Amino acid sequence: RDDEDTFKILIATDIHLGYLEKDPVRGNDTFVTLNEILDHAQKNEVDFILLGGDLFHENKPSRKTVHSCLESLRKYCMGDRPVQFEILSDQTVNFHYSKFPWVNYQDENLNISIPIFSIHGNHDDPTGADALCALDILSCAGLLNHFGRSTSVEKIDISPILLRKGRTKIALYGLGAIPDERLYRMFVNKQVTMLRPKEDEDSWFNLFVIHQNRSKHGATNYIPEQFLDDFIDLVVWGHEHECKIAPSQNEQQRFYVSQPGSSVVTSLSPGESVKKHIGLLHVKGKKMKMQKIALETVRTFHMEDIVLADHPDLFNPDNPKVTQAIQAFCMEKVELMLDNAERERLGNPRQPEKPLIRLRVDYTGGFEPFSVHRFSQKYVDRVANPKDIIHFFRHREQKEKDDSDLNFGKLVRPASEGMTLRVEDLVKQYFQTAEKKVQLSLLTERGMGEAVQEFVDKEEKDAIEELVKFQLEKTQRFLKERRTDAEEEKIDEEVRKFRESRKKNTEEEDEEVREAMTRARAHRSEDTVLVAASSDEELMDTGMKGTGDSDDGLPATLSRGSGRARGRARGARGQNSAARGSSRRGRGSTSQETATSSRTYKPVSVPAKNMSVMDAFRSLKPEPTLNSSKSYSEETIDDDSDLEDISIVPSSKVNQRLSATSSRGKTGSQSQTSRGVDFESDEDEFDPFKSTATSRRTK
132 RDDEDTFKIL
142 IATDIHLGYL
152 EKDPVRGNDT
162 FVTLNEILDH
172 AQKNEVDFIL
182 LGGDLFHENK
192 PSRKTVHSCL
202 ESLRKYCMGD
212 RPVQFEILSD
222 QTVNFHYSKF
232 PWVNYQDENL
242 NISIPIFSIH
252 GNHDDPTGAD
262 ALCALDILSC
272 AGLLNHFGRS
282 TSVEKIDISP
292 ILLRKGRTKI
302 ALYGLGAIPD
312 ERLYRMFVNK
322 QVTMLRPKED
332 EDSWFNLFVI
342 HQNRSKHGAT
352 NYIPEQFLDD
362 FIDLVVWGHE
372 HECKIAPSQN
382 EQQRFYVSQP
392 GSSVVTSLSP
402 GESVKKHIGL
412 LHVKGKKMKM
422 QKIALETVRT
432 FHMEDIVLAD
442 HPDLFNPDNP
452 KVTQAIQAFC
462 MEKVELMLDN
472 AERERLGNPR
482 QPEKPLIRLR
492 VDYTGGFEPF
502 SVHRFSQKYV
512 DRVANPKDII
522 HFFRHREQKE
532 KDDSDLNFGK
542 LVRPASEGMT
552 LRVEDLVKQY
562 FQTAEKKVQL
572 SLLTERGMGE
582 AVQEFVDKEE
592 KDAIEELVKF
602 QLEKTQRFLK
612 ERRTDAEEEK
622 IDEEVRKFRE
632 SRKKNTEEED
642 EEVREAMTRA
652 RAHRSEDTVL
662 VAASSDEELM
672 DTGMKGTGDS
682 DDGLPATLSR
692 GSGRARGRAR
702 GARGQNSAAR
712 GSSRRGRGST
722 SQETATSSRT
732 YKPVSVPAKN
742 MSVMDAFRSL
752 KPEPTLNSSK
762 SYSEETIDDD
772 SDLEDISIVP
782 SSKVNQRLSA
792 TSSRGKTGSQ
802 SQTSRGVDFE
812 SDEDEFDPFK
822 STATSRRTK
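When you read off a place in the sequence shown, starting at 1, and then add 131, the result is the number in the numbering used here.
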């Protein structure tokens, strides 16, 4: 009964706002469904809405998606109706990561009638240098309360939001999406703790919201229900899209699990064909009741399976016209599903007109598939997914020895398991079966898998490149500390040992990957090339600016440059840093001589953007000195009107001239050698900058 002691909570998960927003037919489905969910909350006068993650389909939702979401939340969740419950817990703990650490309806500047509490999912999880997500935008705007966020990777303490309405008290626990393997390991290592109220802990109704894999997709790629504490009364499980909203009891832990499922069809799979519902949860004391509410605006989805081998009387592989017969049979099935969808829509005018149709055909047994595109053109105006109506697949496993009927569930299970493989698993499988010559020699499969997942799921375009750079620099530091000889065999052996040590320490490797990803996002806007670690800062300054300590009397035009010459040099991104002090018109070969009275600096290795791993290691090897007997001139251009045109004239003696640096080295050794310049410290030696010839500035 609805009274002053009863909580009424609207529960929904996986709304996936913005899914296929550019599709002309299905683009607005998610926004229409969100409005229906909020409308149900307003009509039922719920105390608050509880979302189980994946409110947005993408980590970086478009402006249209964010605008539509804000528009709906402002329309339905703001008003004069008073909120009937109070919060007893320390809100600075529940919302410690927010600049406004309190629930939105208690903000004196806002007028909230229906509060929303939500955790983040794997689609809209926090990323970037500041670890922000789309929910944080809604939270900062005061339209949503984002909770269940964990910032630590070593230990998770889940502190509940304590709610009270009359004599009913609810302890609301939440845990946003975390990679399943990591959370699985943390549960095994007893690193996840659910805190309980100190006073009358048995009088609280404990409600837990989680967004993880519930079904087993791998050895540790899911969270078993047995990992959760047994004092919990109800678990709202997000991430799984099949609607199982009726609470089912776990026989061991004795708590109930409700799986609302997604609010929109995001994949043409059997689990999505189940009718979509949201839940209206009533809680009074320690008792609860879940009321199912069918969503009327969800596009209907009908799915059917066909095994051609089950119809030997209709299809004979040896018949030359069997393909036409199969196509006619599929057309009959599609027409039948369209009729069922039309009858279902007649009872609910709010449903979209065009349904989703999926016909999976197993053509095992010598059959050939027909043209799917030609078949789909017949249903362009009648089906919402004409390109995906037919799905052909072949079962490669041998039939069981006993001549029992073909079980279609067994046939499609390998395909479904293959579809649920994560990116990391695919990367790991690839390198397990790849040839030796393409195996990773520096990175680990785990680290590469994390980087590829960031690239695929989060659209971090520099994730793989930044991880390679990060591990390359770390390996170079390791080799320098070990003082490894610049021989390819010894370097390979040390790198192999270093890689094996990282593979054993998984926690340290996870931390390295996270650090590399954070650095990739933080420096994504910068255009400077990362310089390899060097123990001598003076050495780095020499390699970057081309200046020497022994010649203090050199003009500033060579060391710094000004006006257009400096702008050109710094604007040439990706070039050797030694070429920044010289003109882009200078043409000549690189030559570097070692003089007895000057200080010689070793070139600094600057990894190019696409430098391979072995090229980076070869840069540590000593390069032979190149001597050039030809004479070249170099012209320096500046913006000052009275600047001299300086001509560097070589002398007959090699040790009495300044080596001209080249920004266009043609070989690897020349590129490495051109990064250091030797200057003579003898004041009596030839100084090319004392030329008295002046001229106007040349373009």
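Keep in mind that the hints were calculated from the coordinates and are not lab data.
Computed from a predicted model, the values in this text were never measured in an experiment.
You may find that some hints are simply not true.
What the hints assert, rightly or not - Here are the simulated DSSO-like cross-link-like pairs (lysine-lysine), alpha carbons at most 30 Å apart as the crow flies:
(1) K635 - K559
(2) K406 - K509
(3) K592 - K191
(4) K329 - K286
(5) K509 - K286
Outcome of the hint check:
no. : hint        : verdict
1   : K635 - K559 : holds (16 Å)
2   : K406 - K509 : holds (27 Å)
3   : K592 - K191 : holds (13 Å)
4   : K329 - K286 : holds (21 Å)
5   : K509 - K286 : violated (57 Å)
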